[in-house]
Amino acid sequence: MLPFAGALLAPALVRVMKHNAGWLLAAIPLVVFLHFAGMLDAISKSSPISDGFDWAPSLGLRFSWFLDGLSLTFALLISGIGTLIVIYAGGYLKGHPHQGRFFSFILLFMGAMLGLVVSDSFLMLFVYWELTSITSFLLIGFDHSRDASRRAALQALLVTGVGGLSLLAGLLVIAQATGVNELSSLLGSGDALRNSPLYLAALVLVLGGAFTKSAQFPFHFWLPNAMEAPTPVSAYLHSATMVKAGVYLLMRLNPVMGDTAAWETILPLFGGATLAVGTLLAVRQTDLKLMLAYTTVASLGLLIMLTGVGSDTAIQAAALYLIAHSMFKGALFMVAGLIDHETDTRDITGLRGLRKAMPITFVAAMLAALSMGGLPLFFGFLAKEEIYVALGSPQSWQAVLLVVAVCGNALMFAIGFAVALRPFIGDAIKTPKAAHEGPMSLWLGPVVLGASGLAAALVSPITHRFFSSPTASAVAGSPVDVTISTIPHIGVPLFLSGLTVALGIAAYLRLDRLRGAMTAVLNAIGWGPDRGFDQVLRGLLRLATGLTRVIHNGRLDIYMTVTFIAVAASLLLPMVLFDELPLMPSVPDLRFYEWGVLAIAVIGIAAVVLARSRLTAIVSLGIQGFAVALLYMLFGAPDLSFTQFMVETLSVVILALVMTRLRLVPTDRRPHAQKLVDMAIAAACGVAFALLLLKVTQLPFDDRLSQFFNTYAKTIAHGRNVVNVIIVDFRGLDTLGEIAVVMVTGLAILALIRIRSKKAEVHTPVKEEA
Amino acid sequence: MQTLIFRTAAPYLTGLMLMFSVFVLLRGHNEPGGGFTGGLIAASAFAIHGIAFGVPAVRRALYFHPMAIAGFGLFAAAVAGLPSLLFGVPFLTGLWTSPEVFGIVVDLSTVIVFDIGVYLVVVGSFTSIALALEDREHD
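As given, the protein sequences belong to chains A and V, one line each in that order.
Per the working numbering, the first sequence starts with residue 1, numbered consecutively.
Per the working numbering, the second sequence starts with residue 771, numbered consecutively.
Any given hint could turn out to be false.
Output of the computed footprint for chain A on chain V, the stretches with three or more beta carbons under 8 angstroms from beta carbons of chain A [what the hints assert, rightly or not]:
#1 794-802
#2 811-819
#3 834-845
#4 882-890
Quick caveat, the hints were computed from the structure, so don't treat them as lab data.
No experiment lies behind these values; they were computed from the predicted model shown.
Ideal Cβ positions, reconstructed from N, Cα and C, are used throughout, including at glycine.
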């Protein structure tokens, strides 16, 4: 994956070449673009290309990719617009101290996004999906010294991250329901998923991922906030590519998940709501970028809506609009950035008459706006015609969608021209910085994108053959031929288009009044998902703090009590509940010295319980330990007994040392009630373990392992001591891990002791001063 | 704890225990014993010495920091597994050779290196804990 390598190189290149590195780095996406373009012919004619290699065969995971019309169109958009964006960023962030880092992030994102659209295996899809979220986080927060950037970045990460988890769950459910974990085989599985009882769960989870990523209402709020990012990022991630990942996913799954009642209700509903909310909110803004951001939200809603309607024409419309939107919106964002860069303001009320100062920008902006407004000769027109063909003959409630689409498109028309026309016409007014045309690196992108919006429409048969039809076919799951052309033909769609344009012009002329009305309405509501996000986050933090206080209260005795209660309960409850209590054994026939040893152990315990000072208790515990060691010896486990002796000795010594260090009161001063409770817990633990061991010994013993070790200890490992042979040879790796643990524990204890002594040192001088 | 009897007996006790620990370590393959037990014995020996003569004396006698000893042990145990890779058998498979030195057959193996590694880790870790605790008794 070339972009990842490029991301590594970028900072170094920028150091050497300053902002001109953009031109060279743009070669990377360009190469990718040409590479994918070379596949156009093959994909448009024949079946999809797929390939891959085994990643973790034991888990059935493959690193596999898959390329059909849909993926290819996306890949070309990503790499093509990416090329222009990298050039643009070279000019836009000229002289920025972190430009290298910026290029690095952009290329990383490009790699992730390309990976996302060509992924075949579910896991890869998810990994790339998350990678785009992370790179988006880095890019939104690029200007990390500002509070608003950081907040927006975190918000985007959290919203899309939660969606990503939902997507992962959804993919897992799909894999569970169909038994496949690759998109290509899923697409070939027909109705398997639709008929599965898990369908609805999978759908809701996948939609959770797609809606958050593609900023659907009510998750749309992160996208406008993400405009805190530098403009190249907004143009690239937050209009042309990343936010379309959700759309991509739904389009991809349309053949296997679409065409159900749930799909055809939920998607148009949310898409339509998003379209309406997006355009209405866009009207209210005066900031160029924010206006565009809300129209992006609206456009994504439109795409989701079309995907949801799911008829052949709707899918064609979605494919066309997808391509058109990426081009005109990318261009308009770059224009907005260009204006911002050259005049130092993005407020539409403070921009007038720039056409003389920035003629090239003006042309690019107009090209893009004409496409966005859906006027004839432009690609946006084709898309809009197709939308109206799809929605033009509505049944029952789909009429609502048509109304929403017409109004939404009209408002988008108005906003498109408000961004692209208004700042340029009229008498020039003073801007914070004297306006003049930007350098070539800045206007190249918008001009190329704007012009391609025109060119793509003029040569529409070719565009359809290579882009629209393969994309639509991939989404529909069956061959679809897109035929629409720029020559207007009389009919319902044209009439609707005309209506849209008329409404749009009306809205454009009354934009200021509309804005005032919208602001009033929103102020009346006063609450939005953006504020809701803050409230949820604050609530979560408070919950976490509260929970930590309760669980992590810093009192060792409570920790111990809880732990031991849990131990006793986990051992006793299952045995009692499932009636698995062991049979009581009869008193065994023991020799007198065996009774003697047992008696010593009991005496030891009695001494522990009765001991007045802590030191006595510790030493008495040693008595009991030694008695147990003796028992091991008597019953034929010399190794165990040996180790037990040593461990007992050392633990008594170390415990005694610790006790003397801690300077505790030498005697136990717990109140009687506390003592009783502790005693009960201790007794419960003891009884529980005794019962468990009894039960275990009453089960039939499988001695195959013992026999194996006894037989082979000498022949394979040359040792007669089976225990030791197991430790150092048969289970050598375990032992290696164990001694590593021993050492790390030792280090940790050492560190703990040192920390305490350092604190003591710090405290001493303070006392002296006092 | 620094009574005359204890201080007189301690050096002998320490020496004996150390010797015994090595004996236990080496015989571990065929008789009860081994690296873990041996290491515990040696650690107790150092602990006793520390109680009798103070921590600085033990640190001087050890020369290396106990944690360094433990680290070397872990390293040795890990390295003991490597030769088996050269022979294309799984990591840590014991390899044996029995050269004849002065007419006596001596069994040498990577396993003994591993066991010594275990011994050193246990000695090092436990000694450093014990010494650190004793150290604070004197400050």
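- Task: Would you check chain A against the stretch 811-819 of chain V, counting CB to CB pairs closer than 8 angstroms, and say if three or more residues qualify?
- Result: holds (count 4)
- Item | Outcome, coverage of the stretch 882-890 of chain V by chain A - at least 3 residues whose beta-carbon is closer than 8 angstroms to one in that chain | That given contact holds, which follows from 4 residues of the stretch 882-890 of chain V lying within Cβ reach (below 8 angstroms) of chain A.
- Are at least 3 residues of the stretch 794-802 of chain V within less than 8 angstroms of chain A when you compare beta carbons? The restraint on the stretch 794-802 of chain V holds, since 6 of its residues have a Cβ under 8 angstroms from chain A and three suffice.
- Task: Mind taking a look at whether chain A covers the stretch 834-845 of chain V? Criterion is 3 or more residues with CB to CB distance under 8 angstroms.
- Result: Satisfied; 5 residues make the cut.
This entry satisfies every hint, going by the numbered hints stated previously.
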